[in-house]
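Under our numbering, the sequence shown has 112 at position 108, and the numbering climbs by one with no breaks.
In case anyone wonders, no lab produced these hints; they're calculated from the structure. Check the hints yourself; a few may be wrong.
Said to hold, decoys possible - Restricting the straight-line Cα-Cα distance to at most 25 Å, the calculated cross-link-like pairs of lysine-lysine (DSS-like) are:
1) Lys182 to Lys106
2) Lys88 to Lys106
3) Lys55 to Lys86
4) Lys106 to Lys86
5) Lys55 to Lys182
6) Lys55 to Lys88
As the list claims (entries may be wrong) - Okay, the calculated beta carbon distance ranges per label pair:
7) Lys86 to Phe116: 24 to 34 Å
8) Ile156 to Lys64: 19 to 29 Å
9) Asp153 to Tyr68: 18 to 28 Å
10) Arg147 to Ala59: 15 to 25 Å
Remember, predicted model here, so these are calculated numbers, not experimental data. From the three backbone atoms N, C-alpha and C, an ideal C-beta is built for every residue, glycine too.
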Amino acid sequence: MKNKISITTKTGDRGESGLANGQRLGKDSAVFEVIGNLDEVNSWLGLVAAKLGEAFAPHKQFLYQVQDTLFYIGAEIARSPKAKLQVQAVKDLEHQQALLTKELEDNWHTKFLLPGGTELGGYLDVARTVARRAERSTLAYHRQEPVSDIVIQYLNRLSDYLYLLRCFVNQQEQYTEKEFEAQAESSYLEKVKPQFKKRN
Numbered sequence: 005m006k007n008k009i010s011i012t013t014k015t016g017d018r019g020e021s022g023l024a025n026g027q028r029l030g031k032d033s034a035v036f037e038v039i040g041n042l043d044e045v046n047s048w049l050g051l052v053a054a055k056l057g058e059a060f061a062p063h064k065q066f067l068y069q070v071q072d073t074l075f076y077i078g079a080e081i082a083r084s085p086k087a088k089l090q091v092q093a094v095k096d097l098e099h100q101q102a103l104l105t106k107e108l109e110d111n112w113h114t115k116f117l118l119p120g121g122t123e124l125g126g127y128l129d130v131a132r133t134v135a136r137r138a139e140r141s142t143l144a145y146h147r148q149e150p151v152s153d154i155v156i157q158y159l160n161r162l163s164d165y166l167y168l169l170r171c172f173v174n175q176q177e178q179y180t181e182k183e184f185e186a187q188a189e190s191s192y193l194e195k196v197k198p199q200f201k202k203r204n
């Protein structure tokens, strides 16, 4: 009979977890906040990849590469002696950014767009914002323990890449983006006053 492996170790029942080097820290430590944020953005990218059709096959394959890299970064943050992100990972992201930029319509970068649009665009916007959170938590952790410049650069580029991919996907789906329109406070209040009156 095949032996079943349990994922429950019970070693974290007292609120601690172990790093790759064997050190144990509280689960609310800054290092686990970073690792958790990396795991979250990786999960969102998994959803995006699952939703990408054949028309986006090359982008889907690159997202798999990004997911793999995020696991690698997590291992480095967890102080694995074998994990060290190389600068080529940053160059790969920059190359993909350049390819996407060439495909986008003129003046796309001058727009402040409302998040979402298509379903895929919405998922990518969420992934982008979580990537930014992962970057912020990494920088906060960097004040306690040194994090390599390459990791910090990669996380900064990642959210840029996800925004470009979001714009590209929406463009391919022929979605007309909705732009943010700044309004004077008085005109905004005139619009919302009737709603408040109805609620009251």
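Here is how each hint holds up against the structure:
no. : hint                        : in the structure
1   : Lys182 to Lys106            : 21 Å, holds
2   : Lys88 to Lys106             : 31 Å, violated
3   : Lys55 to Lys86              : 33 Å, violated
4   : Lys106 to Lys86             : 37 Å, violated
5   : Lys55 to Lys182             : 22 Å, holds
6   : Lys55 to Lys88              : 31 Å, violated
7   : Lys86 to Phe116: 24 to 34 Å : 43 Å, violated
8   : Ile156 to Lys64: 19 to 29 Å : 27 Å, holds
9   : Asp153 to Tyr68: 18 to 28 Å : 25 Å, holds
10  : Arg147 to Ala59: 15 to 25 Å : 43 Å, violated
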